[in-house]
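Q: Heads up, the final residue of the sequence shown is numbered 562 in the numbering used here, and it's a clean run with no missing numbers.
Source of the hints: derived by calculation from the structure; they are not laboratory data.
SDA-like mimics (lysine to any residue), calculated; alpha carbons at most 20 Å apart, straight line:
hint, residue 1, residue 2
1, LYS423, ASN472
2, LYS397, LYS521
3, LYS397, GLN515
4, LYS422, GLN464
5, LYS422, LEU484
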Amino acid sequence: MLALPFPEAGQRVLVVTAHPDDVDFGMAGTIALLTQNGVEVTYCITTDGNQGGSDPSISSDQLAQIRRNEQIAAAKVVGVNQVDFLGEPDGQVVADLELRKKMVAEIRKVRPQVVIAQSPERIWERIYASHPDHLATGEAIVQAIYPDARNPFAFPELLEQGLEPWTVEQLWLVTYPSPSNFVDVTESLDKKLQALACHKSQGADSPETQERVRTWLSAVADNAGLPTGSSAEAFFVVNTT
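Put together the whole structure using the sequences plus the hints.
A: Here's what the structure looks like:
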């Protein structure tokens with residue numbers, strides 16, 4: 322795998338995931354490095370994650386608010402101040418035209434050089450990484466990047482809202498079966514784990530979860546040929562211009 326070159330200071334990155342906590346499991350170490358280097362990062366979370374619980378005393382609406390608050394807190398840990406929620410129903414995400422339009426609107430509003438998102442391709446060896454909401458979110462954002470966001474004739478009502486066409490330069494996919502690039506996140510690992518710990522409703526603050534994440538990132542670093550003791554996150558990079 323190749324090291325992933327970063328956007329320059331002042332450029333913008335849009336991160337699109339299905340649920341609160343997906344970004345922190347998948348790429349928070351990279352996000353911490355981006356914001357540290359002066360890149361402006363915005364999160365777009367497709368659902369509120371209101372199916373991600375097992376306590377019957379907490380209503381679906383209460384859980385949605387809890388998970389929103391957890392994601393906002395986790396974002397701040399890694400230097401992200403803007404978190405947008407699309408409000409799609411958890412467990413029922415479909416890559417339809419309405420979701421594509423929401424994502425096109427987000428792209429045109431943020432105007433990012435890079436979009437980071439979940440892969441729309443299923444990983445059969447690690448099925449838990451391929452939640453249906455992840456796959457649908459990944460498919461919708463790919464379609465929004467190309468052809469819709471750059472096309473003035475796609476969703477013309479967005480032009481009436483002042484959302485002009487925008488061409489994303491690169492798409493970085495996480496949970497892709499065969500990643501092409503890596504980011505050495507050894508120096509930002511603690512920030513990633515602190516961000517994960519904000520998701521208390523999901524048990525992401527538990528020692529077991531934190532150690533499991535350390536092990537994952539160590540294995541990625543080994544595959545990338547980094548020195549022993551390193552941590553890394555992996556991506557598949559698509560040039561979209």
